[in-house]
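Enquirer: Chains as they are written, first to last, in the numbering used here: chain A, 1 to 262; chain B, 1 to 262.
Take these hints with a grain of salt, some might be off.
Which copy? The list can't say, so a pair holds if one copy fits it or any two copies do.
As the list claims (entries may be wrong) - With a cut-off of at most 20 Å between alpha-carbon atoms, the simulated SDA-like pairs for lysine to any residue come out as follows:
| # | residue 1 | residue 2 |
| --- | --- | --- |
| 1 | 190 | 247 |
| 2 | 201 | 86 |
| 3 | 160 | 257 |
| 4 | 220 | 249 |
| 5 | 190 | 244 |
| 6 | 179 | 230 |
Derived by calculation from the structure, the hints in this document are not laboratory data.
There are 2 protein chains.
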Amino acid sequence: MPKPLILVSNDDGITSKGIRVLIEAMCQIGEVIVVAPDSPQSGMGHAITIGNTLRLIETDIFNDLGVIAYKCSGTPADCVKLAKHYVLKDRVPDLVVSGVNHGSNLAISVLYSGTMSAAIEGAIEGFPSIGYSLADFSLKADFSHAIDHIVHIAKEVLEKGLAKNVALNVNIPPKQNQKIRGIKVCRQAKAHWQEEFDQRKDPYGRPYFWLAGNFVNNDKGEDTDVWAVDHNYVSVVPCQYDMTAYHSIAQINDDWDFMTNV
Amino acid sequence: MPKPLILVSNDDGITSKGIRVLIEAMCQIGEVIVVAPDSPQSGMGHAITIGNTLRLIETDIFNDLGVIAYKCSGTPADCVKLAKHYVLKDRVPDLVVSGVNHGSNLAISVLYSGTMSAAIEGAIEGFPSIGYSLADFSLKADFSHAIDHIVHIAKEVLEKGLAKNVALNVNIPPKQNQKIRGIKVCRQAKAHWQEEFDQRKDPYGRPYFWLAGNFVNNDKGEDTDVWAVDHNYVSVVPCQYDMTAYHSIAQINDDWDFMTNV
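Could you put together the complete structure from these sequences and hints?
Expert: Take a look at the structure:
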């Protein structure tokens with residue numbers, strides 16, 4: 001049986017530690033091809049490049065692993081699209097994985113996350129897809145405790161498949177003294193970022209801002225991704241991309257005045 | 001009674017025709033404050049600026065309308081965050097509107113849309129929010145047939161409110177000989193973009209790509225946004241931002257091997 005074909009991308013850029021960890025893990029189970037951003041793309045959400053051109057250049061950065069890799073000037077979603085249409089052409093990946101992100105992508109962060117946009121783009125294209133994040137923002141984060149879980153989840157997806165149009169958002173607790181307690185399939189917590197803007201002056205006296213803030217979780221549920229990672233479990237949230245608030249449709253139809261003589 | 005306070009943003013940039021149309025429309029019903037990108041941000045999805053600084057500069061571009069406006073170097077989501085925390089400070093907007101986008105944001109385009117990211121960011125912040133798009137990509141698009149509908153929908157939202165965490169995605173058909181037939185509350189169509197990459201050579205002989213493609217709708221439902229706009233109705237899709245695929249949770253729990261001795 002041929003080895004499964006695994007496409008790897010990320011949002012921290014092709015030179016980040018996290019993508020090398022993920023590539024090494026995926027090499028245990030399949031043939032790996034990498035198309036990843038040539039620079040950090042954190043917070044890019046599901047951005048795509050439509051008003052500008054894209055570059056895609058083959059790189060030997062993962063030659064030591066025997067892996068073909070391309071760096072792309074675009075966003076994580078661009079990388080998956082270019083991989084499908086230009087790099088893979090007629091080959092169909094058995095799995096698309098993104099990450100490992102340096103930092104968690106819990107709760108509403110899935111909206112802002114470039115890591116998850118690559119995975120969701122994979123799901124849109126019809127491929128089983130997983131975004132992996134480690135809840136440690138350090139550039140030199142220790143991923144060693146995560147690797148077996150990353151491989152295990154990828155194998156489960158390859159073997160059992162995923163529902164159509166679903167991508168997994170996997171978050172792994174930071175390395176701690178205690179071993180990871182297991183895997184929990186969760187819902188996205190109803191938590192949010194409480195922003196602050198740090199206003200500064202540039203050397204010419206003009207103001208500029210840094211977006212900063214704290215993650216606030218008022219969701220006390222024990223079935224959420226935030227709860228799982230806080231309690232040293234790997235969280236797995238299946239994500240879909242139909243944004244329709246179905247519960248609202250009837251309410252609006254009931255409430256609104258639809259007079260059409262406007 | 002004081003006039004409602006309405007925050008206006010967009011993704012085509014503060015000098016686009018569409019945002020002036022929206023500001024003029026909102027001036028009919030409230031006090032308007034504008035915080036919008038200083039350059040086009042189409043396709044930015046829910047991107048935010050976290051690895052870089054932000055500029056926010058007051059501009060007199062809408063002085064003729066008596067409207068205070070700021071241009072921002074960031075994304076649409078950044079604009080709404082900066083508006084809340086820095087421009088409005090203790091004032092709470094009664095409504096956040098974004099657009100009018102030059103071009104439709106139907107079906108899955110809501111994921112890629114900067115217009116909708118401003119509206120969804122408004123909903124995240126707890127404000128009733130609407131993204132407006134005109135299904136005409138021309139920079140000089142005729143918005144005249146849209147204005148009464150834009151005002152009508154904003155008034156309904158101001159009067160009736162919206163469910164918590166819901167933003168409206170409103171798409172208006174292009175100007176046609178026939179008058180718009182009315183408003184339909186819809187679900188997001190299961191349609192997608194079929195991409196192609198147009199590969200070219202730069203003057204130095206190096207390859208680059210343009211993302212291009214066609215919108216493909218295999219969803220035959222008559223309750224979708226695509227159907228509505230195709231049949232000359234204004235489509236209104238209530239959107240939420242919990243991406244959890246709830247139907248998948250039980251399935252994964254049933255199917256997977258959760259052995260934890262990895």
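Enquirer: All hints, please: hold or fail.
Expert: Hints, one by one, checked against the model:
1. 190 to 247: Answer is both: 17 Å inside a copy and 18 Å across each meet the 20 Å cutoff.
2. 201 to 86: between (45 Å within a copy, 15 Å between copies)
3. 160 to 257: between (48 Å within a copy, 10 Å between copies)
4. 220 to 249: Between copies only: 19 Å across chains, 28 Å inside a chain, cut-off 20 Å.
5. 190 to 244: Both. Shortest intra-copy (17 Å) and inter-copy (11 Å) distances satisfy the 20 Å Cα cut-off.
6. 179 to 230: Only inside one copy: residue 179 and residue 230 sit 13 Å apart there, 56 Å across copies, limit 20 Å.
Hint check: no violations occur; every hint is consistent with the structure.
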